[in-house]
Structure formats: structure tokens, C-alpha cells
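Residue numbers for the sequence shown follow this note's numbering, beginning at 1 and rising by one.
Treat the hints loosely; a few may be bogus.
Each computed EDC-like pair below joins lysine to aspartate or glutamate, with the alpha-carbon atoms no more than 16 angstroms apart [said to hold, decoys possible]: (1) Lys62 to Glu105; (2) Lys60 to Glu108; (3) Lys59 to Glu24; (4) Lys62 to Glu37; (5) Lys59 to Asp95; (6) Lys62 to Glu108; (7) Lys59 to Asp103; (8) Lys59 to Glu108; (9) Lys60 to Asp103; (10) Lys62 to Asp90; (11) Lys60 to Glu105.
Bear in mind the hints are in silico, worked out from the structure with no lab data behind them.
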Amino acid sequence: MTLEWRHVIVHSADPAALGQWWAEALGWVVVHSSDVEFAIRPERDRLPGLEFVLLDEPKKAKSRLHLDFVPDDQDAEVARLEAHGARRVDIGQGDQPWVVMADPEGNEFCVLGRRRE
1 MTLEWRHVIV
11 HSADPAALGQ
21 WWAEALGWVV
31 VHSSDVEFAI
41 RPERDRLPGL
51 EFVLLDEPKK
61 AKSRLHLDFV
71 PDDQDAEVAR
81 LEAHGARRVD
91 IGQGDQPWVV
101 MADPEGNEFC
111 VLGRRRE
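Work out the full structure: start from the sequences and follow the hints.
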């Protein structure tokens, strides 16, 4: 049996707006859009992607799943994402080498420092 990882699903109050925000933040392409779903991928035929699905209830707590990103320059990437509408958040992480941020709907993600080889 083989499984193909297609998407990470993100529940959203406004799938198109949040999906477009992530598409621009990541430089990804839109592969599907409807009133209740909005899907993006790194390239049209490259998986996995992110799919934003309408959920008509507010986010209530810290996300149980989040995305981690490793940029070439952590400070520059954090500044770019803040200018794009992300914000730094404190989820109790303390003093760490990564920066915890949230997208416009409050979904947390981390911008890591460069890994040592």
C-alpha cells in the first residue's frame, strides 16, 4: 500500500484571503479556489501543498500542528513576514533560537535559525 501526502489542511474563516496570504508569503501557486476551499502548492505539479478550508468557528487555542521554515537569513525573513502581515507571538516558548509567528488568522508557525552542518 502506498500513500501520497497531498495537503496540510488549515481551517479558516476566509480560505481565499488566508490562502492568498500564504501563497504570497511562500511564493507558491494557486491550484484550486472555490467558496469553501483554496489550495496552493510550491509548483502546480509538486506535492504536498496547503489547503485552506472554511470552518465557521473561531480559533480557540494554540495550534496542535504548525509549520517550521528554515530561511537563509532568519532576521530578514522575520522582518519580511512581519511587513506582509504576520506577527510574533508568545506561546510560552521562552528564549529559543526560533521565532514563533502567527498568520493573519492566528495560526502559529516558526521561522528557525540555520541548522549547523
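Hints, verified against the model:
A distance of roughly 12 angstroms separates the Cα atoms of Lys62 and Glu105; the hinted pair therefore holds under the 16 angstroms criterion. Straight-line distance between C-alpha atoms of Lys60 and Glu108 comes to about 12 angstroms, which keeps the hinted pair within the 16 angstroms bound. Pair hint Lys59 plus Glu24 does not hold up; C-alpha atoms about 23 angstroms apart against a cutoff of 16 angstroms. Between Lys62 and Glu37 the alpha-carbon distance is near 23 angstroms, which puts this suggested pair outside the 16 angstroms criterion.
Taking the CA atoms of Lys59 and Asp95, the gap is near 25 angstroms; set against the 16 angstroms cutoff, the hint is violated. Note on Lys62 and Glu108: the hinted pairing holds, with a Cα-Cα distance of about 8 angstroms set against a maximum of 16 angstroms. Between Lys59 and Asp103 the alpha-carbon distance is near 12 angstroms, which keeps this suggested pair within the 16 angstroms criterion. Among the hinted pairs, Lys59 with Glu108 is consistent with the structure: their alpha-carbon atoms are about 11 angstroms apart, no more than 16 angstroms.
This hinted pair checks out: Lys60 and Asp103 have alpha carbons roughly 15 angstroms apart, not beyond 16 angstroms. Distance restraint check for Lys62 and Asp90: the Cα-Cα separation of roughly 10 angstroms lies within the 16 angstroms cut-off, and the hinted pair is therefore satisfied. With a C-alpha separation of about 11 angstroms, the suggested pair Lys60 and Glu105 falls inside the 16 angstroms cut-off, and the hint holds.
Against the hints set out earlier in the document, violations occur for numbers 3, 4 and 5.
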